[in-house]
Amino acid sequence: MSDLFKYIVQIILVCLVTLGVHIMVLAFMDKPLFDNQIITAYAGNVALAVLIVMGLLKVPETLQNSRGFLFLLGSFLKFGFFFLAFYSNFKVDGAIQRIEFFAFFIPYAAALVMETKCLIDRLSK
Amino acid sequence: MEIPAIVGAGLVVIGVGIGIGRIGGSAMDAIARQPEATNKIQTAMLIAAALIEGIGFAALFAV
Amino acid sequence: MVIRQVIMQFTRALFFLAVLVLIQPVFLTASEHSEHASDSTESTQIVYQEPAQDGMSMKQEIKAHIQHHLQDGHDFHLYTDTETNTHVGFPLLVILLDDGVQVFSSSRFHHGESVAESNGNFYALHHGKVYKTDAAGTFEMRDGHVHNEKPLDFSITKNVFSIMAFALMLILLFTGAARSYKKSLVPSGSAKFLEPLIIFVRDEIAIPNIGEKHYKRFMSYLLTVFFFIWLVNLFGLTPLGINVTNSISVTFALAVMTFVITQFSGKKEYWKHIFWMPGVPVPMKILLAPIELLGVFIKPFALLIRLYANITAGHIVLMSLIGLMFIFHSWIGSTLSFGLSVFISFIELLVAALQAYIFTMLTALYFGSAVAEHEDH
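Residue numbers (my numbering), protein chains in the order written: chain A, 1 to 125; chain B, 1 to 63; chain C, 1 to 377.
It is worth saying that the hints were derived from the structure and are not from the lab.
Check the hints yourself; a few may be wrong.
Chain C side only, calculated, beta carbon under 7 Å to chain A, not exhaustive [to be verified]:
hint, residue
1, 263
2, 264
3, 266
4, 267
5, 268
6, 271
7, 272
8, 275
9, 276
Taking lysine to aspartate or glutamate and the DMTMM-like style, the derived pairs with C-alpha atoms no more than 25 Å apart in a straight line are [said to hold, decoys possible]:
hint, chain 1, residue 1, chain 2, residue 2
10, C, 272, A, 121
11, B, 40, C, 204
12, C, 272, A, 61
13, C, 299, B, 53
14, C, 267, A, 121
15, C, 267, A, 3
16, C, 272, C, 373
17, C, 216, A, 61
18, C, 268, A, 121
Here a beta-carbon is modelled for each residue, glycine too, at the ideal position from N, C-alpha and C.
Generate the whole structure from the sequences, applying the supplied hints.
Encoded structure:
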């Protein structure tokens, strides 16, 4: 339990720090701060990362070898999340701008790094 | 002047040709040196050639 | 004695295939031949006597023919008699998801010449694809593309029909082979032909790449893939005009299956080699992880492109050489291109087996890397 708690705290901390830097960069560039569903992107990615980490830690003994597969499944889940919640909103003006892309990609990458770290820890045990 | 993408694909195909040629040549040398290992060498040669060939096709279809 | 019989069977099968391949140029061009039957007597004397205008249209006709051959179709079209304008073939089932499910026979399209009506909806074909139209069958053309609505197409197309037929054929062949082993261990019937091939897949592909310990789990998939691709490739060389493996969606499906099986049977060591490569310094580990993760997807992608491109390229080259006969239109050029097309047909026989072998081999290699235990580290 403590392991899981540690990972969740780590994920939330890292994502909060990333969010802070992200907002600061946006403020520095004189762009609207909380546009493009940035909060939803962070919250959704953190929630999914927590879900995947829980899956990685609580996986039954018989499926121990398939943890990497679970990780890949989690990535597909995130793509599904992106297409359901973001794609249509981003595509309203015809194309995905760079700022819109980063609004989703930065929390995605941050959560992915944390998940990968968790997976590596598990695999190295 | 803009260079069309197909020229790049042509360059890739030249590279692929040289690569597969070298694989075939080296395999010939190896078989000549060790005829008893022919089967193993052929398998390895086919795999390497197929991997390189994949790059060539990817370049052709990317155009 | 058994070996001799196997060889006999094999040569018989090869002879059958060679005959089929040899027939192909004659068969494929039968529809075009009638058009030029009238002037063939003069043209045997003079090389390149074709007028430029006619030559252009001939080239376009050949191009259209090749493109038609490479496409999937809604009816099983064998050939067209251009003189009487009759199509030889049989219609297949069209299933569309649009206002509920629309099911009708593709004969209603009349080979793309007319509009099909089903429950008050009208559909028409454009370049082998089904579009929703009005009763007159007008296409909204903008910058060279059709902008009509496209219904979700779940039709039994030529490829789907062929895949089903081949699946049935493989099931019959292999259950027949399996049944013969129940009677005695000496193979009889189709088992005589299949046994050496199955042993080849086991001893040359599965065991060296996957290892003695785990290969049995993957044999069924490897055998299925090997025989399916081989059979489909071989039938692509017959005059039936079947070309399943040069549809990218078929090879995509095969590659997805390989991908999923590889990832699902991946052991701890496999994932460790992807995310945290043992035995290299930490900065290299961080650098290698995204590359390796990308490689996981690139491997099956290369697999699907390789099979698709090889077979498509083979078909295009073969059809172009056959088309050259009509462009040369002289006894020297046409004979040469006929000879060349026969030669390429034999090369394609080799390619058909080679591509099946390489696909199976690389699949086995990926499975092997997934289940490897790396005790040597």
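Right, here's what the structure says about each hint:
Against a cut-off of 7 Å between C-beta atoms, the interface hint on residue 263(C) holds, since the closest Cβ of chain A lies about 5 Å away. A hinted interface residue such as residue 264(C) counts as satisfied when its beta carbon comes closer than 7 Å to some beta carbon of chain A; here the least separation is about 5 Å, so the hint holds. The criterion of a C-beta within 7 Å of any C-beta in chain A is met by residue 266(C), whose closest approach is roughly 5 Å, and the hint holds. The closest approach between the C-beta of residue 267(C) and any C-beta of chain A is roughly 5 Å, which is under the 7 Å cut-off, so the hint is satisfied.
Satisfaction of the interface hint for residue 268(C) is found here, the shortest Cβ-Cβ separation to chain A being roughly 6 Å, below the 7 Å cut-off. Here the hint on residue 271(C) is kept, as its CB sits about 3 Å from the closest CB of chain A, short of 7 Å. At a threshold of 7 Å, the smallest CB-CB gap from residue 272(C) to chain A is about 5 Å, leaving the interface hint in force. With a least beta-carbon distance of about 5 Å to chain A, the hint placing residue 275(C) at the interface is held under the 7 Å criterion.
At about 5 Å, the closest approach between the beta carbon of residue 276(C) and any beta carbon in chain A falls short of 7 Å, and the interface hint on this residue holds. This hinted pair checks out: residue 272(C) and residue 121(A) have alpha carbons roughly 10 Å apart, not beyond 25 Å. Pair hint residue 40(B) plus residue 204(C) holds up; C-alpha atoms about 10 Å apart against a cutoff of 25 Å. At roughly 18 Å between alpha-carbon atoms, residue 272(C) and residue 61(A) fall within 25 Å of each other, so this suggested pair holds.
As the CA atoms of residue 299(C) and residue 53(B) are separated by approximately 13 Å, the hinted pair is consistent with the 25 Å bound. Annotation: proposed proximity of residue 267(C) to residue 121(A) holds, straight-line Cα distance about 15 Å (limit 25 Å). Simply put, residue 267(C) and residue 3(A) have alpha-carbon atoms about 23 Å apart, close enough for the 25 Å limit, and the pair holds. For the hint linking residue 272(C) to residue 373(C), the alpha-carbon distance of about 11 Å falls within 25 Å, and the restraint holds.
A threshold of 25 Å between alpha carbons decides the hint, and for residue 216(C) with residue 61(A) the separation of about 23 Å falls inside it, so the pair holds. For the hint pairing residue 268(C) with residue 121(A), the CA-to-CA distance comes to about 12 Å; that is within 25 Å, so the pair holds.
The structure agrees with every numbered hint stated previously.
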